[in-house]
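Read off the chains here:
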Amino acid sequence: MIKPAEWQLALPLALAFASIFLAPLLMLVGVSFFNDDKISQPGLAQWAKFLGDPFSYKVIADTLLLGVKTVCATIVVGYPLALVYLDAPPRLQKVMIFVIVMPLLLSVVVRTFAWIVVLGREGVINQLLISLGIISEPLRLLQTELGLVISLTQIEMPLMLLPLISVMSRLDPNLRDASAALGASRWRTLFTVIVPLSMPGLVAGCLLVFASSTTAFISQTVIGGVRLIYLPLLIWQQSLVVFNWPFAAVVSITLLISVLTVVSALSWLGRRSGGYVHG
Amino acid sequence: MGRRRSFVDLSYGVVIGTLATIALLIIVAPVVIVLTTSFTEGRSLKFPPTGFSLQWYEALFDPSKSRQIHRAALNSLEVAACSTAFGILLGSMAALGLARGRHRLGRVVDGFFMSPLVLPGLTFGLAALMYFTLIGFRPSLNLIIAGHMIVTVPFILRTTTASLSQLDPALNDSSQSLGASWLYTLRRVTLPLIAPGIFAGAFLAFMASIDNVPVSLFLSTARTDMLPIRMWGMMESTLDPRIAAVSGVLITAAFLLMLVMEWTVGLTRRMRE
Numbered sequence: 001m002i003k004p005a006e007w008q009l010a011l012p013l014a015l016a017f018a019s020i021f022l023a024p025l026l027m028l029v030g031v032s033f034f035n036d037d038k039i040s041q042p043g044l045a046q047w048a049k050f051l052g053d054p055f056s057y058k059v060i061a062d063t064l065l066l067g068v069k070t071v072c073a074t075i076v077v078g079y080p081l082a083l084v085y086l087d088a089p090p091r092l093q094k095v096m097i098f099v100i101v102m103p104l105l106l107s108v109v110v111r112t113f114a115w116i117v118v119l120g121r122e123g124v125i126n127q128l129l130i131s132l133g134i135i136s137e138p139l140r141l142l143q144t145e146l147g148l149v150i151s152l153t154q155i156e157m158p159l160m161l162l163p164l165i166s167v168m169s170r171l172d173p174n175l176r177d178a179s180a181a182l183g184a185s186r187w188r189t190l191f192t193v194i195v196p197l198s199m200p201g202l203v204a205g206c207l208l209v210f211a212s213s214t215t216a217f218i219s220q221t222v223i224g225g226v227r228l229i230y231l232p233l234l235i236w237q238q239s240l241v242v243f244n245w246p247f248a249a250v251v252s253i254t255l256l257i258s259v260l261t262v263v264s265a266l267s268w269l270g271r272r273s274g275g276y277v278h279g
Numbered sequence: 001m002g003r004r005r006s007f008v009d010l011s012y013g014v015v016i017g018t019l020a021t022i023a024l025l026i027i028v029a030p031v032v033i034v035l036t037t038s039f040t041e042g043r044s045l046k047f048p049p050t051g052f053s054l055q056w057y058e059a060l061f062d063p064s065k066s067r068q069i070h071r072a073a074l075n076s077l078e079v080a081a082c083s084t085a086f087g088i089l090l091g092s093m094a095a096l097g098l099a100r101g102r103h104r105l106g107r108v109v110d111g112f113f114m115s116p117l118v119l120p121g122l123t124f125g126l127a128a129l130m131y132f133t134l135i136g137f138r139p140s141l142n143l144i145i146a147g148h149m150i151v152t153v154p155f156i157l158r159t160t161t162a163s164l165s166q167l168d169p170a171l172n173d174s175s176q177s178l179g180a181s182w183l184y185t186l187r188r189v190t191l192p193l194i195a196p197g198i199f200a201g202a203f204l205a206f207m208a209s210i211d212n213v214p215v216s217l218f219l220s221t222a223r224t225d226m227l228p229i230r231m232w233g234m235m236e237s238t239l240d241p242r243i244a245a246v247s248g249v250l251i252t253a254a255f256l257l258m259l260v261m262e263w264t265v266g267l268t269r270r271m272r273e
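Sequence order for the protein chains is A and B.
The working numbering puts the first residue of the first sequence at 1, with every later residue one more than the last.
The working numbering puts the first residue of the second sequence at 1, with every later residue one more than the last.
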């Protein structure tokens, strides 16, 4: 048998991607430049309608802010967990990584459902707070942004922890010992040694969490309800309820561009910080 | 000085320890709570559950009462199996093709193949719906399989590429210098060595397909219902307690599968690489 040139082995997947990934995305862009939902009159009317409406900017801002809040929440609790993982004995590490990865393999719908049971009017949190006498009336947690951010923190946490842990476990443990021997407190070691060196993992985690939480349709609609409107809900309404495909295309392209802008800005920052550490 | 330092270090231990405990609690508690609630005797999903019963599991496994859920689950399994099979074939070939290329174009192509991981899934889902509809395809499971293959193949590509990069090129060269053909070398040397990597990626791809919402949301219809979409429906209207039983089944399945994958291919080690 004749040996094929190596690159030719990538051809079948390249063809599949060209025909069922790239072509649909190009068509999506094309459809957005039609005025009517029958897709017969080319024009910029849908773009004008979306970009001319102040409400659109509020939805875009809310969606990006939801991503930022979720990223912050996953860092605040996730980073310390990664630090604890780093110091744990190998046996405990195995258990911890299992616990961390497990939710990733669990359906997003199941994880979202779990938060309905926890956050509901008769949910765990309300019952706990009432029985402790802290509140007398149940708090509204479902259909609030707070509830949504709490749920997304759990749902997206593995995406933050995996890259963090993978970068942190490669750090030379001598660095921390050296820092301590030179008299730095553990806080100082954390912020001047560990955080800068783990930056690539942190940035990768932020990227994944941001991209995933801004498009988390199920959690946004089920926990957030219909009154909190984010871009994914708008896309779904316009395409599958109102059947205005050109407008839905405009919103999806907006979602794509806003998410990719933030993601590339973050990875640029990541590369810069990487340079800082090694230089 | 010494005392101040020990106080500072103590505060470090307390703050970091507390936050890490909160993180673990947030990760684990909801799963445990759902699992417990699914065995409730009551008509609603309260925690702690009142009494113990298997009523929601019985309702879930009843072939006539829960026919739609069964149909959706079978569709999801079929789509996951087929899209993973295609993904293994195309993905491992592509990984072999791009592995040793130092070419710039190779890296661009690799980035293109990985892009479904960061691209908003809903954008691709909607694009696929428009594309298939406008070129005249009728909704079918085959289209969902194609869509799932695109969004899950990056997992296979990533783990396979990682195993290939750890492969000693001398193995290939010695096999060929001993007269083995390219195909024989691939079959007897390369593939057995990278098989665990492919397998780990295939597992992640399979789970991602089972769990996929954005593509299924747009490509599935009443006839080709998918499990996550059906479950979403069960939560959206009135909360159907059978969803706790579905969750219980999925939690148990994910747990067992993960144990098996950990023992066979060291899944968590591969995910950290």
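No wet-lab data here; the hints were simulated from the structure.
Don't take every hint at face value.
Unchecked claim - Not close to chain A: a few residues of chain B, all C-beta gaps over 10 Å, as computed:
#1 46
#2 77
#3 247
#4 268
Stated by the list, open to error - Chain B side only, calculated, beta carbon under 8 Å to chain A, not exhaustive:
#5 28
#6 94
#7 260
#8 262
Stated by the list, open to error - From the structure, some residues in chain B lie toward chain A, with a derived Cβ separation under 7 Å:
#9 35
#10 120
#11 178
#12 179
#13 180
Glycine included, each C-beta is placed from N, C-alpha and C at the ideal position.
Just pull the numbers of the violated hints for me, sorted ascending.
Hints 1, 3, 4, 7, 9, 11, 12 and 13 contradicted; others consistent.
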